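Using my numbering, the letters of the sequence shown correspond one by one to residues 1 to 99.
These are computed hints drawn from the structure, not numbers from a lab.
Here the structure is a predicted model, which means the values were calculated and not measured.
The C-beta atom is built at its ideal place from N, Cα and C for all residues, glycine as well.
Be careful, since some hints might not be right.
What the hints assert, rightly or not - Beta-carbon label-pair distances, calculated as ranges: (1) P7 - V99: 27 to 33 Å; (2) G83 - N6: 27 to 33 Å; (3) R43 - V95: 21 to 27 Å; (4) Q32 - S88: 16 to 22 Å; (5) D70 - L40: 14 to 20 Å; (6) D39 - A2: 32 to 38 Å; (7) M1 - Q32: 32 to 38 Å; (8) Q3 - Y42: 27 to 33 Å; (9) Y98 - S60: 20 to 26 Å.
Said to hold, decoys possible - With a straight-line cut-off of 20 Å between C-alpha atoms, the simulated DMTMM-like cross-links for lysine to aspartate or glutamate are: (10) K55 - D70; (11) K97 - D29; (12) K55 - D9; (13) K55 - D68; (14) K97 - D70; (15) K97 - E37; (16) K55 - D8; (17) K97 - D68; (18) K55 - D39.
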Amino acid sequence: MAQPLNPDDMQSLLTHDRRYQRAAAILHDQWQRVSAEEDLAYRQQITVDDLRFAKALLASETLTSPFDFDHYAGAQQLRQHYGSQLTSAAQNWLVQKYV
């Protein structure tokens with residue numbers, strides 16, 4: 001059953017703002033494109049906020065992805081796939097409920 005998006009997430013979805021583009025790029029394995037468009041080095045990495053929104057988009061059944069946030073194996077797959085493109089906080093966030 002789909003979970004509704006909160007108002008901020010819904011606004012980002014409707015306007016396809018930068019926040020939405022970042023989350024969608026994670027889910028569709030297109031992070032390199034987003035990263036290349038960022039001028040600031042610290043914005044070239046995937047943050048916890050990016051992952052939270054991506055997870056919310058999956059839970060709302062708005063987008064689909066080969067990545068799965070709901071299982072340890074899926075979280076590890078994301079960590080291995082994106083590696084150093086994830087901030088250390090984002091890497092920890094992915095597995096925090098399994099440790």
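Here's how the hints hold up against the structure:
| no. | hint | verdict |
| --- | --- | --- |
| 1 | P7 - V99: 27 to 33 Å | holds, 32 Å |
| 2 | G83 - N6: 27 to 33 Å | holds, 29 Å |
| 3 | R43 - V95: 21 to 27 Å | holds, 23 Å |
| 4 | Q32 - S88: 16 to 22 Å | holds, 20 Å |
| 5 | D70 - L40: 14 to 20 Å | violated, 31 Å |
| 6 | D39 - A2: 32 to 38 Å | holds, 35 Å |
| 7 | M1 - Q32: 32 to 38 Å | holds, 34 Å |
| 8 | Q3 - Y42: 27 to 33 Å | holds, 30 Å |
| 9 | Y98 - S60: 20 to 26 Å | holds, 23 Å |
| 10 | K55 - D70 | holds, 9 Å |
| 11 | K97 - D29 | violated, 24 Å |
| 12 | K55 - D9 | holds, 11 Å |
| 13 | K55 - D68 | holds, 8 Å |
| 14 | K97 - D70 | holds, 10 Å |
| 15 | K97 - E37 | violated, 32 Å |
| 16 | K55 - D8 | holds, 14 Å |
| 17 | K97 - D68 | holds, 14 Å |
| 18 | K55 - D39 | violated, 25 Å |
Comparing the model with each earlier hint shows violations of hints 5, 11, 15 and 18; every other hint is respected.
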